[in-house]
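Protein chains: 2
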Amino acid sequence: MPVFQATTSAPVNIACIKYWGKRDNTLILPTNSSLSITLSQDHLRSTTTARADPIFSETKLWLNGKEEDIKSGGRLERCLAQLKKMRKERIEDKNPNTPKISEWNLHVASYNNFPTAAGLASSASGFAALTSSIAALYGLNTFTPSEPAVASPSELSLVARLGSGSACRSLFGGFVAWEVGSSLTGEDSLAIQVAPQEHWPTMHALICVVNDAKKGTSSTSGMQRTVETSALLQHRIKDVVPARMKAIEKAIKDKDFDSFARITMADSNQFHAVALDTAPPIFYMNDVSRSIIALVEELNRVSLAKTGHLVAAYTFDAGPNAVIYTEEENVKQIIEIVVRYFPQSDTNPFPDPFKLFAGKQPKAAPLPEGFNEGVAKVWEVGSVKGLIHTRIGDGPRMRGEDEALLGRDGMPKVLA
Amino acid sequence: MPVFQATTSAPVNIACIKYWGKRDNTLILPTNSSLSITLSQDHLRSTTTARADPIFSETKLWLNGKEEDIKSGGRLERCLAQLKKMRKERIEDKNPNTPKISEWNLHVASYNNFPTAAGLASSASGFAALTSSIAALYGLNTFTPSEPAVASPSELSLVARLGSGSACRSLFGGFVAWEVGSSLTGEDSLAIQVAPQEHWPTMHALICVVNDAKKGTSSTSGMQRTVETSALLQHRIKDVVPARMKAIEKAIKDKDFDSFARITMADSNQFHAVALDTAPPIFYMNDVSRSIIALVEELNRVSLAKTGHLVAAYTFDAGPNAVIYTEEENVKQIIEIVVRYFPQSDTNPFPDPFKLFAGKQPKAAPLPEGFNEGVAKVWEVGSVKGLIHTRIGDGPRMRGEDEALLGRDGMPKVLA
Chain A
1 MPVFQATTSA PVNIACIKYW GKRDNTLILP TNSSLSITLS QDHLRSTTTA
51 RADPIFSETK LWLNGKEEDI KSGGRLERCL AQLKKMRKER IEDKNPNTPK
101 ISEWNLHVAS YNNFPTAAGL ASSASGFAAL TSSIAALYGL NTFTPSEPAV
151 ASPSELSLVA RLGSGSACRS LFGGFVAWEV GSSLTGEDSL AIQVAPQEHW
201 PTMHALICVV NDAKKGTSST SGMQRTVETS ALLQHRIKDV VPARMKAIEK
251 AIKDKDFDSF ARITMADSNQ FHAVALDTAP PIFYMNDVSR SIIALVEELN
301 RVSLAKTGHL VAAYTFDAGP NAVIYTEEEN VKQIIEIVVR YFPQSDTNPF
351 PDPFKLFAGK QPKAAPLPEG FNEGVAKVWE VGSVKGLIHT RIGDGPRMRG
401 EDEALLGRDG MPKVLA
Chain B
1 MPVFQATTSA PVNIACIKYW GKRDNTLILP TNSSLSITLS QDHLRSTTTA
51 RADPIFSETK LWLNGKEEDI KSGGRLERCL AQLKKMRKER IEDKNPNTPK
101 ISEWNLHVAS YNNFPTAAGL ASSASGFAAL TSSIAALYGL NTFTPSEPAV
151 ASPSELSLVA RLGSGSACRS LFGGFVAWEV GSSLTGEDSL AIQVAPQEHW
201 PTMHALICVV NDAKKGTSST SGMQRTVETS ALLQHRIKDV VPARMKAIEK
251 AIKDKDFDSF ARITMADSNQ FHAVALDTAP PIFYMNDVSR SIIALVEELN
301 RVSLAKTGHL VAAYTFDAGP NAVIYTEEEN VKQIIEIVVR YFPQSDTNPF
351 PDPFKLFAGK QPKAAPLPEG FNEGVAKVWE VGSVKGLIHT RIGDGPRMRG
401 EDEALLGRDG MPKVLA
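Residue numbers (the UniProt record's numbering), protein chains in the order written: chain A, 1 to 416; chain B, 1 to 416.
Watch out, some of these pointers could steer you wrong.
To be verified - Below are the BS3-like pairs computed for lysine-lysine, each with C-alpha atoms no more than 30 Å apart in a straight line: (1) B:385 <-> A:377; (2) B:306 <-> A:215; (3) B:377 <-> A:377; (4) B:332 <-> B:250; (5) B:377 <-> A:385; (6) B:250 <-> B:238; (7) A:363 <-> B:215; (8) B:215 <-> A:385.
Simulated from the structure, these hints should not be mistaken for laboratory data.
Because the structure is a prediction, the values reported are computed rather than measured.
Full structure from sequences and hints, please.
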């Protein structure tokens, strides 16, 4: 009997127009549209192996080798139910000879190649990998452009959204919009690709992993509190975001980095502004985050005066880490500035995937002419724990058998 | 020949509904109404002596003993011109026998009894003291309730406003509103008293002076940038503030501390939210400020669960210092909590004006039952540089000759 198993990987995405607020907590329907850039799976990814077998006594999930509880009526169960329904209705009911694997229990093992301590939300890549691996197991997606899929990435994004809102955007590569939608049942609140990664392949990202003394408010409870108490959020939802979505889509289509950067920075700041306008207030950025903002703003100020153009855009999610978007040619200079103010430990080697520093630790370089050195202080080593240099990337990928996370016995190969 | 000289003092005020944004930069007309509490001059005050003399060759101003430049067409000149006009039209033109001192040059010496390093805005008390001292010199105000004044405090608030917007609120004691007004010439943008200090005399304030590594954006240029770039400010101006003004005035009239505290904290946070929604973003609070917020929020959470009531309200102006409003009976507990997380240097004696700690350095006490100790870390000594305990206070006061800052020769007694 054949083994019904598939392994896929899915990328992390970092929003430029932020998702903050749900209009439906169960279906995870947002209060506004959002837009993100998909980051390369060469550097950051969740990999998931899904297997269906009639001998499995129950459906089980292992996350980084540790078995997770599948809550009845929870997010994970809702995702699985949707995928089973798609498999049954679109394949099994139409072709009575296909095996009815939707009736079998599943074993699912998922692994993030980035440590939780990196402070990157793993729920987006995680639920996207879960969705795409089960979809592959069920024959719903093909990963072959020439072969039409039974379920499109946008349809699968509806499933991933049930697991974690921003996961829907990880079903595509490139620049991805999550449409707010208007339906109460959520079928129009899905992800669409605004532009593929090939459209603007020089878009790079530098993640500054910031040391955080304490765990902040979870985004689920934080956004709920903002919806309930912020006097400014409704204005953001109704008036600000719709205009920004149009403007940033145009900037992306025109490869207009200046407009892209201005909108991205403004929207990051506005997201943190409505978090602060919450009772009690929510703070995700700390003094280190503020210093990174000061460096990017100063670099842009100097560049604007010299060339008429901006060079970088910061954005912060629900935590203190900065993601700096910039064109490939500027990454080295930005790293040199960041490490000048945030000295790196020698025992924390910089992966340097693009060989900007010959695989060595990056060194501070003289500041650009006219750069006001005093915009930030020099912080102690460890304030920025590490730098991750990556770029725009593609959507979920099929992975080979050799990368499967389940062994021949259907159990995880590596346990926590 | 008699000496034409008057000395008055004026208080600091700290807003509960914040002023942020001008609709007219010259006349200093605000984009929204604001409301403040006047703090006691027993602890914090600006004192000003004004003298008119035909022998003075020019008008001069000394601030803390240092001569200041009086810019032509500047704020100070506009204040002086208004006061001279009032003197001339209301007194000299009507009583030809009164000396025409409005035609003489002035010597003005002003002194703040709190160090600039305390990070308290001195422009409000400073321009209020300047206005009231010249008004007293010119016979416009009387400081005697039984004797009608030639110019009411609200009329004088129009003059102080020309010097520094928030100075207009320091012309009254107690709870003071600055009406936004609608006139283009500003005659209806004035301060009125919502309630005198006797209405709610148990209202106390604890100022936590926070160490700040670097000078932030000046409020004048900061608010200008917010008006120009914040997408959220217009909503605050149009919809949020008018409702909050009504609600906080009712809370004050009802002595409803819970509502007063909720509105005060929400408005402080919203002011900092629109500052963050500015391009480039403006940050006034730092990680120490955030920790103070966390302590007050936690204390309120515990108290709410236990008694159904809040005990404290934080508010932050354009800097990292916290002002905590609370009823007199709660001040000691709040100080004990603050010094637990922000240990004070022994060389920085606490003035203890209300003898809560027998004039000694306050000591940390056990946290209230149920208080989550981990809401903030214990900071290094000096993170909060000092504590100033004060209370609600009265408006400008006449000062005796012994407190005059100008000598018999018309020159400042103390030079910087």
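Status of the hints after comparison with the structure:
no., hint, verdict
1, B:385 <-> A:377, "holds (20 Å)"
2, B:306 <-> A:215, "holds (26 Å)"
3, B:377 <-> A:377, "holds (22 Å)"
4, B:332 <-> B:250, "holds (28 Å)"
5, B:377 <-> A:385, "holds (20 Å)"
6, B:250 <-> B:238, "holds (20 Å)"
7, A:363 <-> B:215, "holds (29 Å)"
8, B:215 <-> A:385, "holds (27 Å)"
Hint violations for this structure: none, all hints satisfied.
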